[in-house]
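J.: Below are the chains, spelled out letter by letter.
2 protein chains.
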Amino acid sequence: MSNKQIIGFDADDTLWENEVFFHQAQLKFIELHPHIKDPEEVIFQIEKKNIEFYGYGIKGFILSLLETSVRSYNNQSDFQNIAKIIKIGKDMLAQPIQLLPDVKNTLHHLSEHHTLIMITKGDLLDQQRKVKESGLLKYFSLIEIVSEKDEQTYLEILEKNNISPKDFLMVGNSLKSDVLPVRKIGGTGVYIPHKLTWKHEEVDSTFDLERVVELKTISALKVWLKSQI
Amino acid sequence: MSNKQIIGFDADDTLWENEVFFHQAQLKFIELHPHIKDPEEVIFQIEKKNIEFYGYGIKGFILSLLETSVRSYNNQSDFQNIAKIIKIGKDMLAQPIQLLPDVKNTLHHLSEHHTLIMITKGDLLDQQRKVKESGLLKYFSLIEIVSEKDEQTYLEILEKNNISPKDFLMVGNSLKSDVLPVRKIGGTGVYIPHKLTWKHEEVDSTFDLERVVELKTISALKVWLKSQI
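If you're matching them up, the sequences are chains A and B in order.
Residue numbering for the first sequence follows my numbering, beginning at 166 and increasing consecutively.
Residue numbering for the second sequence follows my numbering, beginning at 166 and increasing consecutively.
Rather than coming from a laboratory, the hints here were simulated on the basis of the structure.
Watch out, some of these pointers could steer you wrong.
Intra- or inter-copy, both count: the list cannot distinguish identical chains.
[Claimed, not checked] DMTMM-like, lysine to aspartate or glutamate: derived pairs with alpha carbons at most 25 Å apart:
id: 1; residue 1: K303; residue 2: E316
id: 2; residue 1: K297; residue 2: E217
id: 3; residue 1: K364; residue 2: E316
id: 4; residue 1: K213; residue 2: E298
id: 5; residue 1: K255; residue 2: E313
id: 6; residue 1: K249; residue 2: E205
id: 7; residue 1: K360; residue 2: D291
id: 8; residue 1: K214; residue 2: E298
id: 9; residue 1: K297; residue 2: E309
id: 10; residue 1: K255; residue 2: E205
id: 11; residue 1: K297; residue 2: E316
id: 12; residue 1: K252; residue 2: E313
id: 13; residue 1: K252; residue 2: E206
id: 14; residue 1: K364; residue 2: D291
id: 15; residue 1: K193; residue 2: E205
id: 16; residue 1: K325; residue 2: E313
id: 17; residue 1: K349; residue 2: E217
id: 18; residue 1: K255; residue 2: D243
Using the sequences and the accompanying hints, generate a full structural model.
T.: So this is what it looks like as structure tokens:
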């Protein structure tokens with residue numbers, strides 16, 4: 166890999182919509198289970214506990230919804246909900262990709278001056294499908310689909326590809342997965358918030374946000390990068 | 166990567182037990198659903214149809230079992246089965262690794278003379294857990310967890326790592342995933358059958374088995390490799 170600056174991109178909710186589909190699926194689940202009190206919190210607690218088994222992604226999410234449904238069993242008609250939840254999952258897995266605004270132009274421009282890599286977590290097959298469907302593959306020198314985005318993961322990817330952390334910039338919508346760990350290993354994290362972010366990706370409010378580079382949109386990256394020269 | 170011979174290993178049912186746990190889980194499922202006729206075939210047809218959505222691995226398997234349970238709904242007590250199937254899945258995901266005989270010795274010996282890589286398919290997090298728990302990581306220069314093992318996948322891995330197909334040997338228990346595609350791209354496939362092989366991995370009986378290198382156990386690899394010099 167060349168020694169010019171390497172830019173890593175998160176994919177879900179940085180390059181394309183993702184959380185909105187989880188949100189819509191959850192709304193459908195809640196409609197099917199009007200008897201569950203504080204359903205968002207109930208689902209979140211089950212999901213959180215299940216991450217060690219299932220990791221991130223749609224399949225684990227659906228298994229957690231099924232568990233929530235069974236645990237809050239109310240009456241016989243609930244059995245029909247199981248089939249409906251499985252169907253919600255398959256619809257999510259077949260959901261066409263929706264690129265976020267200006268992603269294609271920005272990647273096209275940046276790929277002429279920088280080496281771009283994609284670092285994303287989730288189900289292997291589903292993420293591969295999205296990469297393929299997105300039409301963005303050509304802009305990336307490397308696609309890494311990982312099970313967790315922590316310091317160790319970033320260090321391993323950088324080492325494997327002979328990238329020095331000081332030459333590495335990571336762009337994403339999660340402070341927890343994209344910004345914090347990269348800053349800790351000596352790289353730069355650029356935070357581009359998305360209107361929907363999963364609760365699990367939220368960070369402690371005591372975190373020093375003043376030191377974070379925050380951009381409103383991906384198209385602001387070009388200007389910001391020029392200002393850094 | 167060096168220019169000496171590169172040996173690729175499949176992992177599930179080549180290095181460690183895997184299919185046996187799916188088999189045991191399926192038996193538990195069948196016990197819970199005595200009213201399903203020809204249950205193996207019913208499950209297999211649903212699994213096969215779901216691979217395009219779920220890919221390989223335990224999470225997709227459990228989602229297919231849940232779908233089978235719902236489709237064959239018999240009476241209200243079946244609802245309890247949903248929770249039991251979810252539990253079967255979590256037990257599978259927490260199942261301690263069981264190495265096959267002579268795997269450790271053989272890999273230790275071979276890694277002194279060859280570059281070893283692991284190429285396995287399945288759920289990302291689950292396969293990473295197994296690699297870690299197996300204690301075999303130190304013998305491998307590269308671990309590739311992929312969503313499908315076909316000619317395209319092998320070509321991409323070899324190209325990315327500057328390995329010529331003629332220097333590449335792939336060892337595994339699946340003719341369909343480990344032997345055939347590697348032979349088609351000009352490499353060598355070594356077939357080490359396991360007593361349990363998933364129906365999906367079976368190949369057409371018209372396939373010319375006479376041209377396949379078949380060894381009874383992994384420990385026979387050392388002797389066979391010497392005979393090839």
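J.: To test your reading of the hints: which numbers does this structure violate?
T.: none
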